Amino acid sequence: MSAIWKRLLAFFRGARLDRDLDEEIAAHLAMQEEEFRQKGMTAAEARAAARREFGGVAQTAEIYRERRGLPWLETAAKDVRYALRGLGRNRGFSAAAVLSLALGIGANTAIFSMYHALLLQRLPVRHPEQLVTLYRTGGWGRGFSSYPLYREIRQRGDLFSAVLGRSSVDKLLFRAGRGDRFEKAQVEAVTGNYFLALGVSPAFGRLFTDDDDRTPKGHPFAVLSYDFWKRRFGGDPAVLGQAVTVDKDHLTVIGVAARGFRGVDVDHHPDLWEPASMEDVDFANASSNWLWILARRRPGVPVSKVQAAIDVLFQQHLAAIYGNQPNAAFRKTAMNQHIEVREGGAGLSGLRDGFAVPLTILMAAVGLVLLASCANVANLLLARGAARQKEIAVRLSLGATRMRLMRQALIESLLLALAGSAIGILLAWWGEQGLLQFLPASSGDPFDATPNLTVLAFAIAIAVFAAALFGLAPAWRSSAIHAAECLKSGGPSGARHHSAFRQVLVVAQVAFSVMLVALAGLFGHSLAALRSVDLGFYNQKLVAFSLEMPMSWKAGQTTAVREEFLARMQSLPGVSLVSFGAPGPFLGGWSQGALRVPGSEATAHEPAWVSKQEIAPRFFDILGSAPLLGREFTPSDTATAPQVAIVNQAFVRAFLPGDAHPLNRVLTFDNKTFVPIVGVVHDIPHQGLREKIAPTVYVPIAQSPTFFGAVLLRAGQSGESLLPAIRREVEKLGPDVSASDPKTIRQEIDESIFQDRLVATVGGFFGLLALLLAAIGLYGVMAYSAARRAREIGIRIAMGAKRGAVLWMVLRGSLLLVIAGLAIGVPVSLIAARKVAPVLFGIRADDSITFVSTAGVLLAVGLAAAFLPARRAASLEPMRVLRQE
Amino acid sequence: MSTGTAKTDVLQGTLDLMVLRTLETMGPQHGFGLAKRIQQISEGMLDLNQGTLYPALLRLEQRGWVRSSWGASESNRRAKFYELTRAGRRQIERESQDWERTVALMARFLRPAGPAE
Numbered sequence: 078m079s080a081i082w083k084r085l086l087a088f089f090r091g092a093r094l095d096r097d098l099d100e101e102i103a104a105h106l107a108m109q110e111e112e113f114r115q116k117g118m119t120a121a122e123a124r125a126a127a128r129r130e131f132g133g134v135a136q137t138a139e140i141y142r143e144r145r146g147l148p149w150l151e152t153a154a155k156d157v158r159y160a161l162r163g164l165g166r167n168r169g170f171s172a173a174a175v176l177s178l179a180l181g182i183g184a185n186t187a188i189f190s191m192y193h194a195l196l197l198q199r200l201p202v203r204h205p206e207q208l209v210t211l212y213r214t215g216g217w218g219r220g221f222s223s224y225p226l227y228r229e230i231r232q233r234g235d236l237f238s239a240v241l242g243r244s245s246v247d248k249l250l251f252r253a254g255r256g257d258r259f260e261k262a263q264v265e266a267v268t269g270n271y272f273l274a275l276g277v278s279p280a281f282g283r284l285f286t287d288d289d290d291r292t293p294k295g296h297p298f299a300v301l302s303y304d305f306w307k308r309r310f311g312g313d314p315a316v317l318g319q320a321v322t323v324d325k326d327h328l329t330v331i332g333v334a335a336r337g338f339r340g341v342d343v344d345h346h347p348d349l350w351e352p353a354s355m356e357d358v359d360f361a362n363a364s365s366n367w368l369w370i371l372a373r374r375r376p377g378v379p380v381s382k383v384q385a386a387i388d389v390l391f392q393q394h395l396a397a398i399y400g401n402q403p404n405a406a407f408r409k410t411a412m413n414q415h416i417e418v419r420e421g422g423a424g425l426s427g428l429r430d431g432f433a434v435p436l437t438i439l440m441a442a443v444g445l446v447l448l449a450s451c452a453n454v455a456n457l458l459l460a461r462g463a464a465r466q467k468e469i470a471v472r473l474s475l476g477a478t479r480m481r482l483m484r485q486a487l488i489e490s491l492l493l494a495l496a497g498s499a500i501g502i503l504l505a506w507w508g509e510q511g512l513l514q515f516l517p518a519s520s521g522d523p524f525d526a527t528p529n530l531t532v533l534a535f536a537i538a539i540a541v542f543a544a545a546l547f548g549l550a551p552a553w554r555s556s557a558i559h560a561a562e563c564l565k566s567g568g569p570s571g572a573r574h575h576s577a578f579r580q581v582l583v584v585a586q587v588a589f590s591v592m593l594v595a596l597a598g599l600f601g602h603s604l605a606a607l608r609s610v611d612l613g614f615y616n617q618k619l620v621a622f623s624l625e626m627p628m629s630w631k632a633g634q635t636t637a638v639r640e641e642f643l644a645r646m647q648s649l650p651g652v653s654l655v656s657f658g659a660p661g662p663f664l665g666g667w668s669q670g671a672l673r674v675p676g677s678e679a680t681a682h683e684p685a686w687v688s689k690q691e692i693a694p695r696f697f698d699i700l701g702s703a704p705l706l707g708r709e710f711t712p713s714d715t716a717t718a719p720q721v722a723i724v725n726q727a728f729v730r731a732f733l734p735g736d737a738h739p740l741n742r743v744l745t746f747d748n749k750t751f752v753p754i755v756g757v758v759h760d761i762p763h764q765g766l767r768e769k770i771a772p773t774v775y776v777p778i779a780q781s782p783t784f785f786g787a788v789l790l791r792a793g794q795s796g797e798s799l800l801p802a803i804r805r806e807v808e809k810l811g812p813d814v815s816a817s818d819p820k821t822i823r824q825e826i827d828e829s830i831f832q833d834r835l836v837a838t839v840g841g842f843f844g845l846l847a848l849l850l851a852a853i854g855l856y857g858v859m860a861y862s863a864a865r866r867a868r869e870i871g872i873r874i875a876m877g878a879k880r881g882a883v884l885w886m887v888l889r890g891s892l893l894l895v896i897a898g899l900a901i902g903v904p905v906s907l908i909a910a911r912k913v914a915p916v917l918f919g920i921r922a923d924d925s926i927t928f929v930s931t932a933g934v935l936l937a938v939g940l941a942a943a944f945l946p947a948r949r950a951a952s953l954e955p956m957r958v959l960r961q962e
Numbered sequence: 014m015s016t017g018t019a020k021t022d023v024l025q026g027t028l029d030l031m032v033l034r035t036l037e038t039m040g041p042q043h044g045f046g047l048a049k050r051i052q053q054i055s056e057g058m059l060d061l062n063q064g065t066l067y068p069a070l071l072r073l074e075q076r077g078w079v080r081s082s083w084g085a086s087e088s089n090r091r092a093k094f095y096e097l098t099r100a101g102r103r104q105i106e107r108e109s110q111d112w113e114r115t116v117a118l119m120a121r122f123l124r125p126a127g128p129a130e
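Those protein sequences? They're chains G and W, same order as listed.
Each residue of the first sequence is one higher than the one before, starting from 78 at the first, in the working numbering.
Each residue of the second sequence is one higher than the one before, starting from 14 at the first, in the working numbering.
Treat the hints as calculated values from the structure; they're not laboratory data.
One should not assume that every hint holds.
Selected chain W positions facing chain G (Cβ under 10 Å, derived; list incomplete) [to be verified]:
1) W83
2) E87
3) R91
Derived pair list, reagent style EDC-like, types lysine to aspartate or glutamate, alpha-carbon separation capped at 20 Å [claimed, not checked]:
4) W:K49 with G:E112
5) W:K93 with G:E111
6) W:K49 with G:E110
7) W:K49 with G:E111
Covered stretches of chain G (chain W as the covering partner; in silico rule of three or more C-beta atoms under 8 Å from a C-beta of chain W) [to be verified]:
8) 98–106
9) 129–143
This one's a predicted model, so the numbers in the text were calculated from it and none came from an experiment.
Every residue gets a Cβ at the ideal spot worked out from N, C-alpha and C, and that includes glycine.
Construct all of the structure, not just a fragment, from the sequences and the given hints.
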């Protein structure tokens with residue numbers, strides 16, 4: 078150890094130690110000389126004898142130096158200096174190489190940092206690999222389960238060492254002290270064992286236990302997240318024991334959770350936790366799904382076994398509750414629920430559920446981008462290696478070993494890659510900001526803004542990998558020359574070999590580009606198909622926002638408050654029309670109703686579940702969608718007026734197929750009141766553009782009051798300019814009423830297909846990038862080969878070849894390379910396309926438009942890239958070329 | 014941590030021990046003095062370039078068996094003096110035992126073999 082330390086020290090003090098050694102040897106020689114002189118030699122004889130006795134002074138010094146320092150470090154430092162000088166001389170080459178690597182590495186880093194945050198990062202809890210989440214599917218929402226089910230699962234000590242539940246993370250009104258203003262805080266209600274089961278310790282104070290979660294409304298305590306404590310309370314330890322208000326509850330802060338723990342929802346980070354018992358819910362109601370269950374598997378119990386056991390448990394649970402349900406349709410829906418046991422170590426993420434596949438595809442795509450840029454740089458290096466053959470031959474004949482030359486070449490590659498990754502990391506940061514713009518606000522904030530060590534390590538690792546990838550072959554090639562021959566002939570040897578290798582690289586590059594362009598084309602075409610989905614209405618500039626009143630309010634109260642609010646909205650300057658709908662268009666809400674249509678086969682045996690919207694008058698007017706038949710609701714459809722309903726086209730198709738006069742029909746929700754259908758409207762894909770349009774029934778909101786819904790405004794200005802006025806009006810309704818930020822329907826639609834837009838945009842960008850790289854590669858190879866064949870071409874022209882023929886000869890060379898690339902790239906892309914099929918909409922994975930145009934684009938690029946070299950070749954003056962030789 | 018091939022290792026090892034032993038008997042000494050002394054003792058049996066001594070001294074110093082300091086020689090010339098460290102003394106003991114064992118072992122092989130050379 079100490080020997081290495083001394084060597085390292087010596088490395089940095091080289092010059093001084095050299096002087097020491099010289100002096101020591103000089104002293105030695107002087108003493109020997111003196112001795113010889115005393116024996117009677119002359120001064121000159123003594124001097125020579127002393128040197129003979131000593132042996133080679135220079136050799137000794139060299140051996141000594143090698144022994145003293147770290148020779149490999151010294152030569153490496155020399156190589157780095159040499160490489161830097163070389164790169165500095167070739168500015169154009171270096172810039173092109175660094176830039177193309179920066180793009181490749183940057184794209185990878187940007188996508189990887191998202192991939193890492195969403196798919197790889199584990200929760201900072203004890204043994205995250207043991208965690209599973211119990212994801213409920215089937216009717217009535219997804220993911221969340223009921224409290225009774227949680228209690229049942231908790232009994233299963235044979236499967237789990239702990240079972241915990243948590244509510245969604247909700248933005249609630251929060252006040253730190255009585256005098257303070259209300260603000261919003263993210264609150265998660267959790268079962269008492271939450272922290273213990275996860276293995277999260279307090280930063281200080283204490284965390285909940287099961288004793289904090291026994292009686293409803295009986296445990297007014299709060300635990301703060303570390304970040305919130307720092308941000309909101311300035312990290313003041315006096316926060317313990319402080320009273321805070323959350324919604325209407327007064328809670329006492331009992332502790333702060335460990336630093337870095339941000340709950341189990343990757344997308345939404347709670348600011349504070351409260352015991353589940355503080356929730357305003359009916360804990361005995363097995364149909365109220367509000368609790369997301371996570372569990373810690375016992376060691377040795379595989380997920381498959383848990384799944385099997387939970388399947389049995391859940392079906393028994395459902396049978397006990399719904400088995401005797403008289404309404405057959407309801408029973409069927411109720412029983413058709415399942416629980417998926419999923420790995421939970423990476424936490425829950427709604428974003429991940431929908432985004433994992435597109436993100437994985439993008440990750441693969443950026444891998445291709447990196448390969449393409451490596452191929453490009455390898456090509457540049459080869460071109461330069463060819464130009465530097467003479468220099469290399471000289472160095473070889475001066476005694477440089479091939480190993481040394483290769484090491485030098487590799488160090489040069491590494492420098493390029495590291496410079497590329499430095500710029501790439503900046504590009505990645507910038508690119509990630511751009512990517513995040515696509516995410517809707519509702520998807521939360523799963524991505525850490527702070528630089529992440531894993532991501533940095535990844536960027537550097539791929540840089541090193543890239544350096545090896547693009548550097549090794551050119552290093553091997555360019556040092557494999559016959560020094561003597563090369564110097565003798567004065568020209569590069571093995572040039573044919575060289576250019577064959579470069580052609581292989583270009584073909585590979587074209588193949589990568591084919592894959593990326595085809596992917597981009599598929600995504601672009603799929604997005605276009607989504608965009609062309611018939612919305613069923615015209616007014617996309619419509620401004621909408623959701624309004625939510627407390628569930629505890631009576632129907633009369635909600636109606637009165639809503640009516641008053643809508644009237645105030647109507648009087649805002651610039652607002653020309655106001656309506657209301659629940660759940661409303663495109664706002665992700667949903668409501669269902671079971672009904673029968675007398676006379677319809679489809680509901681003859683049991684009622685059918687349809688999508689249900691409660692709407693105010695002029696709902697379709699404001700959307701810009703005139704009813705196909707009949708009328709829409711008017712202010713005279715009041716609570717006391719006869720009940721009426723409007724249905725959509727899908728409804729008619731499902732229940733009244735072929736009926737030319739749906740307006741003569743009635744429907745019934747309760748088998749007692751028969752409601753006439755007064756209108757038929759266009760299908761509107763409220764649940765999202767990708768979803769099949771459900772049979773939908775619209776009823777007047779006055780006849781079916783609800784506590785939430787969407788306010789719709791037709792306004793002269795944008796939602797943002799209305800925001801302050803809307804906020805003011807919402808505030809007047811008191812702290813219990815909340816509203817989302819107003820957006821145009823167009824924005825809502827955009828956000829609902831953000832994944833498609835993101836994948837298409839990013840894919841398109843990568844496709845262009847790959848095309849550019851391929852064009853550069855093709856140009857380089859064609860220009861090089863045209864220059865090499867200048868003599869041959871000159872002779873051909875002199876012999877009477879047409880210039881058009883020469884032009885075509887060069888162009889054809891380029892096209893052949895592209896065709897070779899297509900021959901590899903297209904089949905591979907067709908296979909890859911099958912993997913992306915799940916995220917495509919409205920087109921097949923082997924979409925012919927995409928693949929034909931991909932081939933067309935690449936052939937065009939091949940022609941364009943070769944055009945300049947071809948024209949140069951065709952305009953050669955034979956005499957000049959031949960004279961040059 | 015040894016460097017070089019097996020053959021030079023043996024040579025290095027012998028030279029190292031010679032240097033250490035010489036320093037043990039003579040006390041602090043400069044390179045020239047050491048070289049002369051080693052030549053004297055070996056009485057010409059050892060064909061040693063004096064220069065070879067210096068890398069050996071450096072190696073010993075790196076391993077912490079000798080330390081060096083600048084001082085004045087008998088003829089009042091500035092020279093680097095080497096002296097044995099405590100670790101160096103321990104090393105001599107270890108190495109000597111090794112050598113004795115090796116010599117004894119080789120002797121057993123050589124004795125009954127009869128005609129030597």
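- Have a go at the W:R91 hint: is there a Cβ in chain G nearer than 10 Å to its own Cβ? holds, 6 Å
- Taken at face value, is the distance from the CA of G:E112 to the CA of W:K49 at most 20 Å? With Cα atoms ~11 Å apart, W:K49 and G:E112 stay inside 20 Å; holds.
- Message: Under 8 Å between beta-carbons, do enough residues of the stretch 129–143 of chain G, three at least, approach chain W for the coverage claim to hold?
- Response: Holds, because 9 residues of the stretch 129–143 of chain G bring their Cβ atoms closer than 8 Å to Cβ atoms of chain W.
- Within 8 Å of chain W (C-beta), three or more residues of the stretch 98–106 of chain G: holds (count 6)
- Task: Identify whether the interface hint at W:W83 stands, where standing means a beta carbon of chain G within less than 10 Å of its own.
- Result: holds, 8 Å
- Are the Cα positions of W:K49 and G:E111 separated by 20 Å at most? It holds: about 13 Å lies between the C-alpha atoms, which stays within 20 Å.
- Query: Is it true that the CA of W:K49 sits at most 20 Å from the CA of G:E110?
  - Reply: holds, 13 Å
- Supplied contact hint for W:E87, tested at 10 Å Cβ to chain G: holds, 9 Å
- Going straight from one Cα to the other, do W:K93 and G:E111 come out at no more than 20 Å? Holds, at about 18 Å.
Consistency note: the structure conflicts with none of the earlier hints.
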